[in-house]
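Student: These are the residues of each chain, in order.
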Amino acid sequence: SAVISQKPSRDICQRGTSLTIQCQVDSQVTMMFWYRQQPGQSLTLIATANQGSEATYESGFVIDKFPISRPNLTFSTLTVSNMSPEDSSIYLCSVETDNNYGYTFGSGTRLTVV
Amino acid sequence: AQSVTQLDSQVPVFEEAPVELRCNYSSSVSVYLFWYVQYPNQGLQLLLKYLSGSTLVKGINGFEAEFNKSQTSFHLRKPSVHISDTAEYFCAVSDGGSQGNLIFGKGTKLSVKP
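Protein chains in written order, with the working numbering: chain A, 8 to 121; chain B, 429 to 542.
Do not rely on the hints blindly, as some may be mistaken.
Lysine-lysine pairs mimicking DSS-like chemistry, simulated, CA-CA at most 27 Å apart [as the list claims (entries may be wrong)]:
| # | chain 1 | residue 1 | chain 2 | residue 2 |
| --- | --- | --- | --- | --- |
| 1 | A | Lys14 | B | Lys497 |
| 2 | A | Lys72 | A | Lys14 |
| 3 | A | Lys14 | B | Lys534 |
| 4 | B | Lys497 | B | Lys541 |
Far from chain A, by Cβ distances over 12 Å, these chain B residues were calculated [what the hints assert, rightly or not]:
| # | residue |
| --- | --- |
| 5 | Val439 |
| 6 | Val441 |
| 7 | Lys477 |
| 8 | Gly490 |
| 9 | His503 |
| 10 | Gly533 |
| 11 | Lys541 |
Just so you know, the hints here were simulated from the structure itself, not pulled from any lab data. Since the model is a prediction, treat every value here as computed from it, not as a measurement. Positions of the beta carbon are idealized from the N, C-alpha and C atoms, including for glycine.
Same shape as in the complex, but just chain A (with noise of 0.2 Å):
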């Protein structure tokens, strides 16, 4: 299965400013997904980002809030814009490494706002 790095692994930020989440995968991969897991919550998906095009996003996420870039098929960046304490959560991004519902899951970003 594919190795996903995600980086940073956590960070504190003032309320205001914005942070720019990476992942890079070991291989190719066409769909590159990102969640959010709030404190006590379960996991809900952000949006969905394809390469050369611009990313699919969920009820309730706007891409001003959270712009993706994915330049080419092994990596992509969320940026949780504008922080408010609000969005302090954990931030995790994934790939589909087989054809068969295999989901890679990289090992989060832990985010609070202060």
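Start from chain A and add chain B according to the hints.
Tutor: Okay, now just chain B, sitting in the frame of chain A:
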């Protein structure tokens, strides 16, 4: 719409005891079902998945789960747990439509005590 309910937020057990982590889902269509494990400060790792065929699915680390369509359940079991099984376990469902659109439960924290 699909949803996943993990009935227990925390399950404490003693080492070598059996454990069952409960998961119920709701969906109006055929589903694919998954169990993921998240060890402290790590990403999600796929334990097992049900796509079709035998309703008893065996996964890694000695875990197994049984798909029960009539009860809309997919409970995870292990006959004898180890300290190293201490982690958070997530049940997830997909309708097989949008790739990556996994709907997760809120998770169950399994604590194995000596």
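Student: All the hints need checking, so say for each whether the structure fits it.
Tutor: Now the hints, each set against the structure:
Using a Cα cut-off of 27 Å, the hinted pair A:Lys14 and B:Lys497 is violated, with the two alpha carbons roughly 40 Å apart. Restraint check for A:Lys72 and A:Lys14: the C-alpha separation of about 19 Å stays at or below 27 Å, so the hint holds. For the proposed pair A:Lys14 and B:Lys534, the alpha carbon gap of about 24 Å is at most 27 Å, so the pair holds. Among the hinted pairs, B:Lys497 with B:Lys541 is inconsistent with the structure: their alpha-carbon atoms are about 33 Å apart, more than 27 Å.
Even its closest Cβ contact with chain A, about 16 Å, leaves B:Val439 beyond 12 Å, as expected for a residue assigned away from the interface. Separation of B:Val441 from chain A is adequate, the least Cβ-Cβ distance of about 21 Å exceeding the 12 Å criterion. The claim that B:Lys477 lies off the interface is violated: its Cβ sits roughly 6 Å from the closest Cβ of chain A, which falls inside the 12 Å cut-off. For B:Gly490, the non-interface assignment is confirmed: its Cβ lies about 20 Å from the closest Cβ of chain A, beyond the 12 Å cut-off.
Every beta carbon of chain A lies more than 12 Å from that of B:His503, the smallest distance being close to 17 Å; the non-interface claim holds. Residue placement check: B:Gly533 does not keep its beta carbon more than 12 Å from all beta carbons of chain A (closest about 6 Å). Listed as outside the interface, B:Lys541 is consistent with that label: its C-beta sits roughly 22 Å from the nearest C-beta of chain A, beyond the 12 Å cut-off.
The structure fails to meet hints 1, 4, 7, 10 from the earlier list, while all remaining hints are met.
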